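2 protein chains.
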Amino acid sequence: MTKSDLEIAHASKMQPISKIAAKLGIQEDDLRPYGKYVAKLPLRLIDESKIKGKKLILVTAITPTLAGEGKTTASIGLAEGLNKIGVKTAVVLREPSLGPVFGMKGGAAGGGYAQVLPMESINLHFTGDFAAVEKAHNLLSALVDNHIHNQKNTLNIDPRKIIWKRVMDMNERALRDIVIGLGGSAQGIPRESGFDITAASEVMAALCLSNDLMDLKQKLGNIIIGYTYDDEPVRAYQLNAQGAMTALMKHTIMPNLVQTIEGNPAIIHGGPFANIAQGSNSIIATKMGLSLADYVVTEAGFASDLGGEKFLDLKCQYGNLKPDAVVIVATIRALKSHSGIPFPDLKIPNADAVAFGLPNLEKHIENMRHFMLIPVVAINKFATDSVEEIQVVIDRCEKLGVKVALCEAWEKGGEGATDLALAVKEAAESGKSNFTPLYRFEWSIEQKIEIIARKIYGAAEVEYSVKAKQQIKLFKKIGLDKLAVCIAKTQYSLSDDPKLTNRPSGFTIKIREFDIAAGAGFIIPIAGTIMRMPGLPSKPAAESIDIDADGNITGLF
Amino acid sequence: MTKSDLEIAHASKMQPISKIAAKLGIQEDDLRPYGKYVAKLPLRLIDESKIKGKKLILVTAITPTLAGEGKTTASIGLAEGLNKIGVKTAVVLREPSLGPVFGMKGGAAGGGYAQVLPMESINLHFTGDFAAVEKAHNLLSALVDNHIHNQKNTLNIDPRKIIWKRVMDMNERALRDIVIGLGGSAQGIPRESGFDITAASEVMAALCLSNDLMDLKQKLGNIIIGYTYDDEPVRAYQLNAQGAMTALMKHTIMPNLVQTIEGNPAIIHGGPFANIAQGSNSIIATKMGLSLADYVVTEAGFASDLGGEKFLDLKCQYGNLKPDAVVIVATIRALKSHSGIPFPDLKIPNADAVAFGLPNLEKHIENMRHFMLIPVVAINKFATDSVEEIQVVIDRCEKLGVKVALCEAWEKGGEGATDLALAVKEAAESGKSNFTPLYRFEWSIEQKIEIIARKIYGAAEVEYSVKAKQQIKLFKKIGLDKLAVCIAKTQYSLSDDPKLTNRPSGFTIKIREFDIAAGAGFIIPIAGTIMRMPGLPSKPAAESIDIDADGNITGLF
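Chains H and B are the protein sequences, given in the same order.
So that you can map any letter, position 162 of the first sequence is 162 in the numbering used here, and since no number is skipped, the others follow by simple counting.
So the mapping is simple: the numbering used here equals the position in the second sequence, first residue as 1, plus 1000.
Some hints here could point you the wrong way.
Derived list of chain H stretches under chain B, where covered just means 3 residues or more per stretch with a C-beta under 8 Å from a C-beta of chain B [to be verified]:
(1) 145-154
(2) 159-165
(3) 246-255
(4) 410-423
It is worth saying that the hints were derived from the structure and are not from the lab.
Predicted model only: the values in this text are computed from it and were never measured.
Every residue, glycine too, gets a C-beta built ideally from N, C-alpha and C.
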């Protein structure tokens, strides 16, 4: 019988975190411990002079199914594999959001024999980073409503134009659209508002794009909370909010060190969404990894058109990072899904269907080449994959001149990823990657959007709604046009229509409107409907989670 | 110039938490550290066999002014004083709520030279206990709305009769009264609801009244979230919520060890309100202190009629605790306020006004004697107090046969509290206290309320509204009548009318309605208007809080 992730995690013997730190040359005294197996790392361990010459490996994926294609598992497995072949590697990941843990998804700390530990702590509260982001965000919300109610609204904020909501790390559909300030004049101004999930907070995005504490404070101060009656933007610093917000994040800005099942270092920090935000861990965590290890393996949410593109254009440009190779995770399951096979039937071997789905993989390979990066395809192997199916993928990759390797880390740990590790090492050390972002921030908003839509999504056209056109004018007027763009669209298609699977072409990307994250440093062109607050399913995972008298947790998977 | 609390805290050299633990006989390996100066303590260190023979000292107060009378400072000072005279003492306190830190109050970790350290950590997030309580509470809220929306409401919950709100540790007036579930049929059922501050959560009350993890799980399962269309109570276990809620609190249930400025052990755990809940730290923390030290000094919110009475009737009965002496903190300022002098004029010496306010102190002394406890009066000395004013209090206490001592810990630390420590030691070791709760849980609801109202408040009558009478009937029907009572009323008067200062008599306590905390184990008769969610003031403290590049926080006071 297959063991659950939690059972495997429990059966693994952890080392004290000081031992893991020692592998990275960190003194015990430099650690800020959270229990015996988790510690925060001080920012002074980041050393720009050591980063040069280190190898940064991005893990992205093809267009996924509803279940995801195991990017985190593959990243952890690759790091184990690299360590196994003698390369001192740290895996650098995002922190899981608590909301989905109680919903459908269970934990988010890898799976099988490719996990980060302690699994329950990482999934439940961890070091309080999400809680601190939530608190900093909601402090600003409280200051906004208090200003209008209690300070005679000297900033002239139009309550109808407040765009800053509140956040909660919970799948909470009932809080998506609410009316606040009811109950009479002592309770402030009644107005429409709502809650997003904490991972969607601009504070989270800002944390993950900051280079240090003062950079974070500046970003938080620059958050636009809404507009005046005269349509001037109102920023957080006008409410004197950024000092207290940053004070709340004094420790949050420090990356968290944990360990993989095989006792290798893992750095986990930050967790912004991959559609409305950049979808990857913090610049600080990535630089910490590069300062301390020789290789850093890191992942970005969803496929190459979402987290991948944002990692490369947004995070790498803001953090001055240069990846040396990129791994594209593909599964036989997802390739078959791109031939139109419904999800429940994806376990049935069907090599023709795999072949039919390959153009999706080809497009993601092409996308990474647009950034002048050497891609390696990792086939994340499932027990149900047939030999013929796998061969179809290998043959095509060889035809395309792309290295390909199986990743069996879920089943075998690092031992199942040494081939992949060797392929990645060769690619990274070939010196053939010459990372080049797709656009520069100083381009116009339309230019930035269009190069992504055409080159990465494969769109024929970009269409802007009347509202979007008005917003572009406003952004030029108030100086937001030189920020990065972070396009929000479905993860289930390269296009903005989730039904267009595989490699669609000739389609038009429709920019409905923009959200902004002026503090974090980007604007968000919205193509399609975007969910900033998930809901619980009809059978929430929370109902099955339990704990016994000895503190053993069950039902996390 | 007087130094701020934060400046004094920063000037104090802290010892590693392992050194503080060693003073209590705790091995370093038993600690769950949170940084270098904070650690959680495992529940296995509680040893009932060691608790017998240890001394438990409750610190309560006279009816306070708006500014509070320094109960926490006096408690810390007394513990320092006891340690100075050679008594191995731990001070056991509540955790500060983050909301008020950003509002009017600033920090809540003592003051002057009687503080617990590290002050900023304790005030900002600490070990995440409040965040975990908040998350557990809000998970239940999400499950309630999800049940109605997504599970066809098989429990037959009447959305209009849901009493379980959401919580946030923030001063958030705009969230007091809200309408949720708007935005169409995909967002659930629109209904009225709101947020309380996290300290007011029943989860917090349950945590602090639990004896262990399984006791907590049972209490959480017993929470009543609302009623069916047939007026049957619906409990959290019917939503299968208690397992996941308790899993979220796996570490939260462990008390937190920190240190005083003088390097003595302080245990800080839980922070329930003192009007709608019991207002004192956890039973677990108190027992931990008694297991490890010879004396435990602990405080309860507001005066003897609120936190004091609840500590003794509710916490001591649920935890099987027996205090050996009680300290009543009085200030010259508060005594003068009971003669009707307005707050801004309280600094002007006026011995006659002090004498006029003494009946308030006399009543609190009498109250503690109703519990068969030996009281000691601590005059918490301010720089503006005159010799004559202080003498008035000393003379009256001597006339009443009550020990009295100055507490100058704010200015001088433990050195300023040795007289108080000697008086408390003598009282505790006299063997004259014979703690007896005022009522037994099996009494009727009315009997329990009336003995408190008459004996402790000094009321002539208790009056119940029609609604309250109906609720009493309901509680008998659904079996809630044998729970403790936790009367919610103003802290500014012994009566339920904040304008009746000093020692009012002949008044009627009006029970308007009841709230319930069926999981935590009490019902809440409400006498007056009760605030479960504070608001920010017109000049929030948050606006002055800042942090520099080195992580130094300023503006906390």
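Quick rundown of the hints versus the structure:
Counting residues of the region 145-154 of chain H whose beta carbon lies closer than 8 Å to any beta carbon of chain B gives 5, which reaches the threshold of three, so the coverage claim holds. Under a criterion of three residues with beta carbons nearer than 8 Å to beta carbons of chain B, the stated coverage of the region 159-165 of chain H fails, only 0 such residues being counted. Counting residues of the region 246-255 of chain H whose CB lies closer than 8 Å to any CB of chain B gives 5, which reaches the minimum of 3, so the coverage claim holds. For the region 410-423 of chain H, the assignment as covered by chain B is violated, since 0 residues bring a beta-carbon within under 8 Å of that chain's beta-carbons and 3 are needed.
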